[in-house]
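**Q** Below are the chains, spelled out letter by letter.
Number of protein chains: 2
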Amino acid sequence: MSRAPRLTTRVVRVGERVLGHGHPVLVQSMTNTPTQAAGRTLAQIRRLADAGCELVRVAVPNARAVAVLPKIVKSSPLPVIADIHFDHTLALGAIQAGVAKVRINPGNLGLDRSRLVARAAAKAKVAVRIGVNAGSLPEKLRRTAKTPEALGRLMARTALQYARALESAGLKQIVLSVKASEVHASLAAYRLLSEKCHWPLHLGLTEAGSELAGSIKTAAGLSPLLLEGIGDTLRVSLTSDPVREIRAANLILAATGVRRRGPDIISCPTCGRTASDLAKILQQVEKALDRETRPLTVAIMGCVVNGPGEARHADVGLAGAPDGSFMLFAQGKPLRRVSPAKAVPALLAELKKL
Amino acid sequence: MSRAPRLTTRVVRVGERVLGHGHPVLVQSMTNTPTQAAGRTLAQIRRLADAGCELVRVAVPNARAVAVLPKIVKSSPLPVIADIHFDHTLALGAIQAGVAKVRINPGNLGLDRSRLVARAAAKAKVAVRIGVNAGSLPEKLRRTAKTPEALGRLMARTALQYARALESAGLKQIVLSVKASEVHASLAAYRLLSEKCHWPLHLGLTEAGSELAGSIKTAAGLSPLLLEGIGDTLRVSLTSDPVREIRAANLILAATGVRRRGPDIISCPTCGRTASDLAKILQQVEKALDRETRPLTVAIMGCVVNGPGEARHADVGLAGAPDGSFMLFAQGKPLRRVSPAKAVPALLAELKKL
Chain W
0 MSRAPRLTTR
10 VVRVGERVLG
20 HGHPVLVQSM
30 TNTPTQAAGR
40 TLAQIRRLAD
50 AGCELVRVAV
60 PNARAVAVLP
70 KIVKSSPLPV
80 IADIHFDHTL
90 ALGAIQAGVA
100 KVRINPGNLG
110 LDRSRLVARA
120 AAKAKVAVRI
130 GVNAGSLPEK
140 LRRTAKTPEA
150 LGRLMARTAL
160 QYARALESAG
170 LKQIVLSVKA
180 SEVHASLAAY
190 RLLSEKCHWP
200 LHLGLTEAGS
210 ELAGSIKTAA
220 GLSPLLLEGI
230 GDTLRVSLTS
240 DPVREIRAAN
250 LILAATGVRR
260 RGPDIISCPT
270 CGRTASDLAK
280 ILQQVEKALD
290 RETRPLTVAI
300 MGCVVNGPGE
310 ARHADVGLAG
320 APDGSFMLFA
330 QGKPLRRVSP
340 AKAVPALLAE
350 LKKL
Chain Z
0 MSRAPRLTTR
10 VVRVGERVLG
20 HGHPVLVQSM
30 TNTPTQAAGR
40 TLAQIRRLAD
50 AGCELVRVAV
60 PNARAVAVLP
70 KIVKSSPLPV
80 IADIHFDHTL
90 ALGAIQAGVA
100 KVRINPGNLG
110 LDRSRLVARA
120 AAKAKVAVRI
130 GVNAGSLPEK
140 LRRTAKTPEA
150 LGRLMARTAL
160 QYARALESAG
170 LKQIVLSVKA
180 SEVHASLAAY
190 RLLSEKCHWP
200 LHLGLTEAGS
210 ELAGSIKTAA
220 GLSPLLLEGI
230 GDTLRVSLTS
240 DPVREIRAAN
250 LILAATGVRR
260 RGPDIISCPT
270 CGRTASDLAK
280 ILQQVEKALD
290 RETRPLTVAI
300 MGCVVNGPGE
310 ARHADVGLAG
320 APDGSFMLFA
330 QGKPLRRVSP
340 AKAVPALLAE
350 LKKL
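These protein sequence lines are chains W and Z, in that order.
Just so we're aligned: 342 in numbering that gives the first Met the number 0 is position 343 of the first sequence, and the numbers increase by one with no gaps anywhere.
Just so we're aligned: 81 in numbering that gives the first Met the number 0 is position 82 of the second sequence, and the numbers increase by one with no gaps anywhere.
Keep in mind that the hints were calculated from the coordinates and are not lab data.
Please note: incorrect hints may appear among the correct ones.
[To be verified] DSBU-like cross-link-like pairs, simulated, lysine-lysine; straight-line CA separation at most 30 Å:
#	chain 1	residue 1	chain 2	residue 2
1	W	K279	Z	K279
2	W	K286	Z	K279
3	Z	K332	W	K145
4	W	K332	W	K286
5	Z	K124	Z	K73
6	Z	K332	Z	K352
7	W	K286	Z	K286
8	Z	K286	Z	K341
9	W	K341	W	K279
10	Z	K351	W	K145
11	W	K279	Z	K286
12	Z	K352	W	K145
13	W	K171	W	K195
14	W	K139	Z	K332
15	Z	K351	Z	K341
16	W	K279	W	K351
17	Z	K139	W	K352
18	Z	K145	W	K352
19	Z	K145	W	K351
20	W	K332	Z	K139
21	Z	K145	W	K332
22	Z	K352	W	K139
23	Z	K341	Z	K352
24	W	K352	W	K332
[What the hints assert, rightly or not] Just a sample of chain Z residues kept apart from chain W, beta carbon distances all over 12 Å, derived:
#	residue
25	L6
26	R118
27	E194
28	S324
29	A340
30	L347
The beta carbon of each residue, even a glycine, is placed where N, CA and C say it ideally should be.
Working from the sequences, and respecting the hints, build out all of it.
**A** Shown next, in the form of structure tokens:
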């Protein structure tokens, strides 16, 4: 059960996937290989798909990238989104190449050229994301925003203006994003969009940082929105292997109750009462469950204070005993004591039985 | 400037630190050494203090731990909080040993014995945290809560009941916590507390998980509260080296605008336009700024789309060029091109000048 019902947005098709109107919030990422190196790009797309990515974006910075798009689109296991800046002919080429969606920023294409893209996309039934970023707002405009919240509202109003212009050009399949690197700007931007329009929203922060710092910032920034029912797809932007973005996105969706993908592993922080190397056991369990897709709850607890209570509420669990051994739990019942060396295999065996 | 003004709570002194009523939200952690190994415990406390920890909790599970408390209290650079379960005489011993605060859960001490602790604490001017955990609620009571939100409200009501009982026993210096491992339960619990009382609140999720998963869950769970002005101190519970909890806590406080401690490093996720190994550069910068305490903004950007814009708004920044070199920015101005090998030293040199 989702604990945060989605706000109603229009339906937008992106290849075989559907965004908006109660459909699951989709997880996406972006390749960081040179797109024209089609083999490497496809290999990365496959790794992303294996990790649970549902939509993939590729940068299309030049004609060489456009030239390999038909091949990438044909072999990709995921709908392909072309990321275009500055040159609208690249967007027209990408649409011809069969991508499922193009992402443009009318701020750097110009509105007239963006309308040409909108017309071509509408004709080819290709979706368009209008992506406004704080960093690419015209400097003169940006200077008028004196607070992060004002910057956010400015981004939202800019995105709405672009969306209305492209809608007048005949485009219906529109997705919006308003990314900033600051949480308050981002909250103000997405809240205003969700109030003022019904286009599906692509959530994300830009330039969030390294895997850990960027995941924390993105979780802090998107959690209030997701909990309010805002958001139809998300990307966690990290300066790292894009595959790492998928796990972070899934963890954010799971934490906010929006979508459970894979196991929820609860584990205690260990303290002076812990008689075992819990971090090591946790690492082994996390690794073994890397590809687990069932929404299971697994408890890895160090001691007798909260251990048995939490382990009892999990599908399977381990609770440490003072002598260094563990009590194995499954479906609420203590099963037997196991040694530290046998704890993880015993837990995994119980998981298989479920 | 804090972007999230704190709600008014009472003032509670914990050693030389002050909680509540507009004071900074304090970062705390808990040692995971055997407390009776006083040398190891003190070494860990010093590492925590170096990393920016402001209050430290130690488990006091037995008389041997009580016996070393005077030594730990005397040599600790941080106010020491004794974590007590099951046996109220350990709490009385800890108060005598001179700790700044005791953390008890009247649910496992019993109310009468908790009152004895409250009287001793009030007399010795020691603060008491009443920490209710979802996992340690009586099973019969817990079963009455049919949703995470109901569980949260139950935890909050239980904590309030305990707090009023201890207040009647003469205790004034009370801090409350209501930790669950589920975000919705946690939100409902803390929101109800903040509505119903003015005691300072210690925020946290329990059993949050590994460094990455636990940080994401905690950020998702605490961000809405911090943004609403709720919370006077926090701990990020991770199954890892407790020192890692401090960085995660600082990142959550910074992201929500509650408290800036150290630099904000914004960096782009890299894409097919990136001509340099940005993740490596970011890693070097993060490491070099590990002990930086000034609230600086540093931008590490891969390309020309958002790079110059973001770099211009940072105190210092690097924006990648297509040839693999970087443009160095400081205080809004492009300074000069630097090679990848010289990019980090050049950035750090500019930071020193500020």
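**Q** Please flag the earlier hints that this structure goes against, numbers listed from lowest up.
**A** none
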